[in-house]
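Enquirer: What follows is each chain in one-letter form.
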Amino acid sequence: MIAETGHFALILALAVAVLQTVVPIFGARRGDARLMGFAVPAAQAQFLLLALAFMALMTAYVTSDFSVQNVYQNSSVAKPLLYKISAVWGNHEGSMVLWVLILALFGAAVATYGRNLPPTLQANVLGVQGAIGVAFLLFIVTTSNPFLRIDPAPFEGLGFNPVLQDPALAFHPPFLYAGYVGFSMAFSFAIAALIDGKIDAAWARWVRPWTLAAWMCLTLGIAMGSWWAYYELGWGGFWFWDPVENASFMPWLSGTALLHSALVMEKRDALKVWTILLAIVTFSLSLVGTFLVRSGVLTSVHAFAVDPARGVFILGIMAVFIGGALALFAWRAPLLRQGGLFAPISREGALVFNNLILTTACAAVFVGTLYPLALQSLTPEKISVGPPFFNYTFVPLIVPLLVAVPFGPFLAWKRGDLAAASQRLFAAACVAVLAMIVVAALQQRGPWLAPIGIGIGIWLIGGALSEVAFRIKLFDAGRAEVIRRAVNLPRSAYGTMLAHAGLGLVVIGVVATTAWRVEDITALKPGESTEIAGYTLRFEGVRESEGANYAERVGFFDVSRGGEAITRLTPSKRHFNVEGSATTESAIHVSWRGDLYAVLGDPLEGGAYTVRVYFNPLVRLIWLGALVMFFGGGVSLFDRRLRVGAPVRAKAKVPPMRLADAK
Amino acid sequence: MTRKQRRTVLIGTAMAVLSVAVGLVLFALSDSIVFFYSPSEVMAKEMAPGQRFRLGGLVEDGSVERSQGTTVHFVVTDMSKELPVSYTGVLPDLFREGQGVVAEGALGPDGVFHADNVLAKHDEKYMPPEVAAKLKQQGVWEGASGETGAGAESKVN
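So the sequence lines, in the order shown, correspond to chains C and L.
Residue numbering for the first sequence follows my numbering, beginning at 286 and increasing consecutively.
Residue numbering for the second sequence follows my numbering, beginning at 1198 and increasing consecutively.
Don't take every hint at face value.
To be verified - Short, incomplete list of chain L residues facing chain C, as computed with Cβ under 10 Å:
hint	residue
1	R1200
2	L1221
3	G1266
4	E1301
Unchecked claim - In silico lysine to any residue, SDA-like type, Cα no more than 25 Å apart, as pairs:
hint	chain 1	residue 1	chain 2	residue 2
5	C	K552	C	G399
6	C	K699	L	R1200
7	L	K1278	C	K552
8	C	K667	L	K1201
9	L	K1242	C	G671
10	L	K1278	C	I668
11	L	K1201	C	G671
Calculated directly from the structure, the hints in this document are not laboratory data.
We put the beta carbon where it would ideally sit given N, CA and C, even for glycine.
Using the sequences plus the hints, can you model the full thing?
Expert: What follows is the structure, encoded as C-alpha cells:
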C-alpha cells in the first residue's frame, strides 16, 4: 500500500510539473498575473508530492519490505539502520528520486522566498524548473520505477554493496546531488532571462546565492567522495581522475567560474552574455555527469544494450535541454548589450582571467573523460586515459591561476594598479619564497617542483590573509579602529578569504602527499616488524570476529616511534555473508605530520600475511581545505547583501531596463 | 586604451591560453594514453618490452602462486592464448581464479607481464567491461553484464 502511494505521488508530481511548466510561461507571455501566480503553489505541491514518494520509498527500506523489487535488490534485514536509509539513494532508481526531490526543493524555495522577484521572472524560472522536473519524472516513471512489486515476496534481500556501507558515503550522494541540481537554479534563471530578453544586476544578485549554495554542496560532496575513496579502497590515494570523479569535478570547475563571473555582473553589469552561457554550461555539465554515471556508459558501452531505454532517455533529455538552451542563447543573447568597460588590469580583468583558465581546464578534463568513450564507440580500439593525461594538461593550466588568485581582490574595479597590489602582497610573497627555500633545503627526495607547489599553497593562504589584514588596517591603525573595521567588513570579504585560503590548504595537501608519500609492501609473520617514515609497526597476529552483517579478520599492529609506543592499528578484511563479497578496511593513525595507513592483505604460506603500509604526509589538509572552502561559501552566503529573500532596498527597485537599451 | 584595444588584449589572452591548452591535450593524448589488449592481441601485435598497456582476461584456474614474499604470479587467459603475469603488492578483494581481471603494466624481456596495478570490482558477478566485450567478441562468454550498480572499482598498485 505504501509503495503504491509512493508510485501514485510520483505520477501526480509529474502531472503537477507539466502544469508548472505550461501555465506560468504561457501566463508570462500573456502578462496574466493569475496564470503566472499559479507557479508558486504548483512548485510547492510538486515538492510535497515528491517528499511523500521519497518517504514511501524510505519506509519500504526501513521496514525491509522485500515485496518491493528495489528494496529486495539493495537491502537486507541484518543491515544497520543508517545503511538501510542510505541504500535508498545507493541504487539507480532511488537516486533518481532523490535527484528530482532536490530539484523540487530548489523550485519550492524560489516559489516561497522569491516573492520580491519580478513576477514574469519568477514565473519563467519556475516554468523552466518545472520542465526539468517533467523530463526526469518521465524518466523515472517510464524506465526506472522504484516501486515495482515482486510476487511472491522473498524473505531476505540481496544486500547492499559492502563498499558503500560507510558513513561518509551515506551522505556523499545527497550533497553531490544538491550541488548538481542546485546549478539548475542558475540554468533556470538564465533561460528565464533569455525568454524575457531582460537581464540586470538584480538578476545576478538573485542567481549568486543559489549558485553559491550549490557550489558549497558540490565542494563538500566531492570532498566526501575523495575521503571515502582514500580510506575505503585501500590504496591510500585521494583522487584517481576516474571518469566518475571527473563527472562531478567538471561542474565544480565551471560552477566556480560562474560564481566569479556573476560577481562581475552584479557589481559592474558586465560579462552578461558570458555569465548566461556559463550558467547553461554548468548545468549542462551536471546533466553530462548524471548521464555518465547513471546511463552505464562508463561501466561499459554495452550497458546500453542491457537497458538501452535508460541511456537513450537521458541522452534525449540532455539533447533537449542543452541543445534547446544553446539555441535559445544563440537567438536571444545578441539582445543583451554589454555594459561596464574595464581595463585588462582590473578586478574584472582578474575575474575574466579566472574564468578563462577555469573553463579551459574544465575543457581539458572533458576531453580526457570523453575521448576514450568516443574512441570506443567509433573504433574497436579501447584505451584508458589515466592520471598522466590530467597531470600534463590540468596541472600546467591551473598553476598560473593559483599564482594569480591573491592579486584579484587587491585590484580595483574598472582600472587596477598591479604595482600597488604587488606592494601589498610583498609580505605574502616573502613568506611563500621563504617556505620554498626551507622546503627545498629540507627535501631529501621527491621532485624539484614540490617546493614550488608548497610555496604556491603558502602564497594563496598568505595572499588571502593579507587582503583582510589590509582592509581592516591591521598594522596601520589603532586597535579600536581595527576592531571597528573588522566588524564592518562585509562577510563576503571573509568568505573570499576563507575560500582562497582553503584552496591554499588543498594545494599544500595535494603537493605534499603526491611528492613525499612513502609506501611499503612486505610479508610479515606474527612477531615480525617493518619500518616506515620513522615508525615501527610490529605485527602481533590476527583474530577472527563477527560484525552486524559480516565476518572479519582483524590484524593487530603495535606502532612505535623511537622506542616509544604510540598506538595500535587494526586493519581488517570483512566478508559480507548476504552479499558474498569482501571489503578491505584500512587502519589509519593520524598525526600532524601525516597519516600512517595500514592495510592487511592475503595470508601467505607459513603463517605470514601481505601487509601494505603507507605514510601520507599532510594528506588531511586536502579535506580540511575543502571544508574551509565550504565554510567560506557559507560565510559569504550569510552576507546581509546576498541573503536569499532579503528585502530589496529601494535603490534596487528601479525597474530593469530593456537590455537592448542598457549601456 | 580604446575599446578595440581592450578587446584585442582579451581575445589575444584567450587565444594564447586556448592554444596552450590544445597543445597540452594533444601532447598528453599522444603520450599518456594506455591501450587495452587481450592476451591474443598481445601475441599478435608482438608488443615491445617496456611499452605500457592494460591486459584484460580471466585469471586461469590453478595458476595463482604466492611463493616468493609479496610477489604473486598468475596467468591471464582469453580462452585462446595465455600470458603469465607477475605483480608485487596486495591484490584486490575480489581477485579470484576464474574471474575477470585487468592488469596495467608492461612486458618484461622475459615475456612476463609485470603489472604495477591490478583492477577488480567488488561484485561477485562482475566481469570487467573490456574483458566481457573481448570475450563476447570471440564468442567464449555470454554473460549478463547488466550490473551497472554504484559499485566502485578497487584499485591496487
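Enquirer: Now tell me, hint by hint, if it's right for this structure.
Expert: Here is how each hint holds up against the structure:
no.: 1; hint: R1200; result: holds, 7 Å
no.: 2; hint: L1221; result: holds, 4 Å
no.: 3; hint: G1266; result: holds, 5 Å
no.: 4; hint: E1301; result: holds, 8 Å
no.: 5; hint: C/K552 to C/G399; result: holds, 21 Å
no.: 6; hint: C/K699 to L/R1200; result: holds, 13 Å
no.: 7; hint: L/K1278 to C/K552; result: violated, 67 Å
no.: 8; hint: C/K667 to L/K1201; result: violated, 47 Å
no.: 9; hint: L/K1242 to C/G671; result: holds, 23 Å
no.: 10; hint: L/K1278 to C/I668; result: holds, 21 Å
no.: 11; hint: L/K1201 to C/G671; result: violated, 42 Å
Violated hints for the displayed structure, listed by number in ascending order: 7, 8, 11.
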